Amino acid sequence: MKRFAFFPGCLIPARHPAMEFAIRTTLEKLEIEIVDLEGTSCCPDPIYFKSKDKVSWLSVAARNLCLAEDLGLDIFTNCSGCTATLSETYHLLQDEEIRDRVNERLARIGREYRGTSRVRHIATLVRDEVGYEAVKNSVVRPLEGLKVAIHYGCHLLKPSRIMQVDSPDDPQVLERLVEAIGATPVRHANWYLCCGKACQNEDIPNKMMHDLLSTVNDEHADLLGMICPTCFGQFDHGQMKIAKLYEEDFSTPPVYYFQLLAFAQGVPYENLGFERQRFKPVALKKFEGAAVG
Amino acid sequence: MSADQPDVVRVDFAFKRELAQKIEGNLANYCYQCGACVGDCPATRYSVAFNPREIMLKVLYGLEDELLGEHSVLWECTNCYTCHERCPQEVKPVEVIISLKNMLADRGLAPTAADKVVRTFMTSGRTVPDNPAIDKQRAKYGLPPLKPVPMDEIRALLGVDEEEGGDS
Chain A
8 MKRFAFFPGC
18 LIPARHPAME
28 FAIRTTLEKL
38 EIEIVDLEGT
48 SCCPDPIYFK
58 SKDKVSWLSV
68 AARNLCLAED
78 LGLDIFTNCS
88 GCTATLSETY
98 HLLQDEEIRD
108 RVNERLARIG
118 REYRGTSRVR
128 HIATLVRDEV
138 GYEAVKNSVV
148 RPLEGLKVAI
158 HYGCHLLKPS
168 RIMQVDSPDD
178 PQVLERLVEA
188 IGATPVRHAN
198 WYLCCGKACQ
208 NEDIPNKMMH
218 DLLSTVNDEH
228 ADLLGMICPT
238 CFGQFDHGQM
248 KIAKLYEEDF
258 STPPVYYFQL
268 LAFAQGVPYE
278 NLGFERQRFK
288 PVALKKFEGA
298 AVG
Chain B
-8 MSADQPDVVR
2 VDFAFKRELA
12 QKIEGNLANY
22 CYQCGACVGD
32 CPATRYSVAF
42 NPREIMLKVL
52 YGLEDELLGE
62 HSVLWECTNC
72 YTCHERCPQE
82 VKPVEVIISL
92 KNMLADRGLA
102 PTAADKVVRT
112 FMTSGRTVPD
122 NPAIDKQRAK
132 YGLPPLKPVP
142 MDEIRALLGV
152 DEEEGGDS
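Chains as they are written, first to last, in this note's numbering: chain A, 8 to 300; chain B, -8 to 159.
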């Protein structure tokens, strides 16, 4: 088993424990050993916290990275926001002057950032350490015929020089992961749009989500697959608001990829917390009768 | 600091020095106004007020009054990082914008959402504070309760630091 330190962040463990359950269940089947970190805090969030004070933001993030360095392990994240914060920190602290500024802060708590633990998003961890073929082999009920519109969100891919995940103009990782569970990935016309959560203006994200959901709808996708809990919140709660505002009902359930994988690996629908979603991925139910071997 | 003659733009160097103190705040100096940041900017697509090229131009001139007021247009940025991706000069317009937001925060002009996140973080070390209902939900999935964050370390790390945010 390959071992990696798990950075759970805030949103998934507190708001979406079913996602954490799915991560733990699926990674075990893919022979990744999760090492829980002691004493992690918020990453901290790359939007509001960073907008208040970049040096404090870097210092808290560097402390989180130190916890993985102490164990001599790479760290993996399950949220695009945490990935952005920790990857940017890893990148920025390669600059000696910035690293010194942050290490002055860390010295107050007897810590020092060294830059020895790499940051990986769970999607790339699975791509690079497990491989699509092994994901496919772990599936007991392939989701054949299920059309999954892909939502990358922003921070998994950009800035690509720092994130080093995939091409931001023609990414493949989520498409291949969706294919590995037997489903059909769909790239809709507005696939590159942002969820808008970080914008402090209501009008912009409303219009953006409306346009994004319309092109998902044009493709007759069964659901919108994603890997970020912030995007998920926007498209679940947020979709109610959009439906009212525009008097259009797209009814596109958002699903976090690892819940989809858990389902394909045989975890029953009712164990995956879908009942808590505003828009439930009922299209999955037709696969429940499929042989679970 | 307004110019006596309204037609003459005076570069405000004090503003630019303050911005340069912020991490990656000085990168706008490399901007040659090509506009590559504009084409794929989702905020520009949906808002007439937001244009990253114009924001970089205002930074070059040091037009503090147009950038750092109440209800600044900077908060319309969606933080999507596409401009960072597109810029041929590695200006990272989004990082310059976030540095400007740090200056807004220093002036007490951060939006309530940002203040709230930082306040929650300062009390719990999280952006979603722990509570018994969360742990009950977690137990349903066989997950242990959330562990407390060592707040003594967090507070020491964030203790008021004179060297940051000043105009040195």
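Quick caveat, the hints were computed from the structure, so don't treat them as lab data. Small disclaimer: the values here were computed from a predicted structure and weren't measured. Just so you know, even glycine gets a beta-carbon here, dropped at the ideal spot from N, CA and C. A portion of the hints provided could be inaccurate.
What the hints assert, rightly or not - Below, a sample of chain A positions facing chain B; criterion: calculated Cβ distance under 10 Å: (1) F28; (2) R70; (3) R118; (4) P166; (5) I169; (6) Y253; (7) F257; (8) S258.
Stated by the list, open to error - Subject to a maximum C-alpha distance of 16 Å in a straight line, what follows is the list of computed EDC-like cross-link-like pairs (lysine to aspartate or glutamate): (9) B:K7 with B:D31; (10) B:K131 with A:E45; (11) A:K9 with A:E38; (12) A:K287 with A:D256; (13) B:K131 with A:E38; (14) B:K7 with B:E67; (15) A:K204 with B:E67; (16) A:K154 with A:D225; (17) A:K251 with A:D218; (18) A:K154 with A:E186; (19) A:K154 with A:D43; (20) A:K143 with A:E209; (21) B:K138 with A:D225; (22) A:K204 with A:E254; (23) A:K251 with A:E282; (24) A:K214 with B:D121; (25) A:K214 with A:E277; (26) B:K138 with A:E186.
Structure-based check of each hint:
| no. | hint | verdict |
| --- | --- | --- |
| 1 | F28 | holds (4 Å) |
| 2 | R70 | holds (6 Å) |
| 3 | R118 | holds (8 Å) |
| 4 | P166 | holds (4 Å) |
| 5 | I169 | holds (8 Å) |
| 6 | Y253 | violated (14 Å) |
| 7 | F257 | violated (18 Å) |
| 8 | S258 | violated (23 Å) |
| 9 | B:K7 with B:D31 | violated (27 Å) |
| 10 | B:K131 with A:E45 | violated (22 Å) |
| 11 | A:K9 with A:E38 | holds (7 Å) |
| 12 | A:K287 with A:D256 | holds (14 Å) |
| 13 | B:K131 with A:E38 | violated (24 Å) |
| 14 | B:K7 with B:E67 | violated (22 Å) |
| 15 | A:K204 with B:E67 | holds (11 Å) |
| 16 | A:K154 with A:D225 | holds (12 Å) |
| 17 | A:K251 with A:D218 | holds (15 Å) |
| 18 | A:K154 with A:E186 | holds (10 Å) |
| 19 | A:K154 with A:D43 | violated (34 Å) |
| 20 | A:K143 with A:E209 | violated (41 Å) |
| 21 | B:K138 with A:D225 | violated (44 Å) |
| 22 | A:K204 with A:E254 | violated (21 Å) |
| 23 | A:K251 with A:E282 | violated (22 Å) |
| 24 | A:K214 with B:D121 | violated (33 Å) |
| 25 | A:K214 with A:E277 | violated (33 Å) |
| 26 | B:K138 with A:E186 | violated (36 Å) |
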